[in-house]
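*Asks:* Mapping the sequence shown onto the numbering used here, position 61 (from 1) lands on 61, and the numbers just tick up by one.
What the hints contain is simulated information worked out from the structure, not anything from laboratory work. Bear in mind the structure is a predicted one, so any value in this text is a computation, not a measurement. Keep in mind that a hint or two might mislead.
[Stated by the list, open to error] Pairwise CB distance ranges, derived in the manner of DEER restraints:
#1 Lys133 to Lys209: 23 to 31 Å
#2 Ser184 to Gln105: 51 to 59 Å
#3 Asp49 to Asn150: 17 to 25 Å
#4 Lys220 to Asn150: 13 to 21 Å
#5 Cys223 to Met89: 34 to 42 Å
Even for Gly, the Cβ is constructed at its ideal location relative to N, Cα and C.
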Amino acid sequence: MALSQSQSCCEEASIRGAHSGILFQFYNADLIDRYNPKASESAVAFVDDMLMLAHVSTMTEANNKLIDMMECPGGGLDWSHTHHCNFTMDEFRVMGLTRKQEPDQGGRACTRLVQRLPIFLSRAEIPVVYMHKFLGVLIDQELWWKEQVNYALQKGMKCVTQYCRLAKLSKGVSAKYMRCFYVSIALPKMLYAANLFLIPQNRHTRGMKGFINKLVCIQKQACLHITGS
1 MALSQSQSCC EEASIRGAHS GILFQFYNAD LIDRYNPKAS ESAVAFVDDM
51 LMLAHVSTMT EANNKLIDMM ECPGGGLDWS HTHHCNFTMD EFRVMGLTRK
101 QEPDQGGRAC TRLVQRLPIF LSRAEIPVVY MHKFLGVLID QELWWKEQVN
151 YALQKGMKCV TQYCRLAKLS KGVSAKYMRC FYVSIALPKM LYAANLFLIP
201 QNRHTRGMKG FINKLVCIQK QACLHITGS
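Can you make the complete structure from the sequences, with help from the hints?
*Replies:* Here it is in structure tokens:
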């Protein structure tokens, strides 16, 4: 179970400037370090975005664990008061990361996905979502990564479309600079966090073979535009 949240620092305690990313590492340190992975709880933070994780057996236990992580003494809500920082409650989201099935009593199918329930923090309801974008990565509740894969493919196709406008034989950009554009802009956009969702094929699983083949097609089109073929 994961709880995604955002922070809104008050004006006198805000951290801005070119070094804000480094300063936030110290600012958020107390909030992250208090959670113990051995107690099935952990947290990830980057600047003003944070993700809290509870590793338990059932959704009910996960909800209770997340509430305790926020409301216990020294937890998230106490941290927000002592650090003069307000959590943006309307941007909180909760997601159950599991592929478990449960019997479907009223439906036609025999089983269904385990039901996810919202949680309440400071009398505010935190809604359940099946997909959430965290640090530029689309995370789905079953961790199949289909949305993120399609998102990466869409960014690649967009870059190739721009290639068509730039790579012209007579008045277009030279092949040297088109290659630099592809390596420095197009590839990082497509393969951002690829080590997380791009699963290679092996003898145990097919992996993301279909998506990898689509990436190959995009690269082929980009090479054709670069060389002018």
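*Asks:* Determine for every hint whether it applies to the structure shown.
*Replies:* Against the structure, the hints come out as follows:
1. Lys133 to Lys209: 23 to 31 Å: Since Lys133 and Lys209 have Cβ atoms about 25 Å apart, the given range 23 to 31 Å holds.
2. Ser184 to Gln105: 51 to 59 Å: With a Cβ separation near 55 Å, Ser184 and Gln105 satisfy 51 to 59 Å, so the hint holds.
3. Asp49 to Asn150: 17 to 25 Å: holds, 23 Å
4. Lys220 to Asn150: 13 to 21 Å: The hint (13 to 21 Å, Cβ to Cβ) holds, given that Lys220 and Asn150 are roughly 19 Å apart.
5. Cys223 to Met89: 34 to 42 Å: violated, 49 Å
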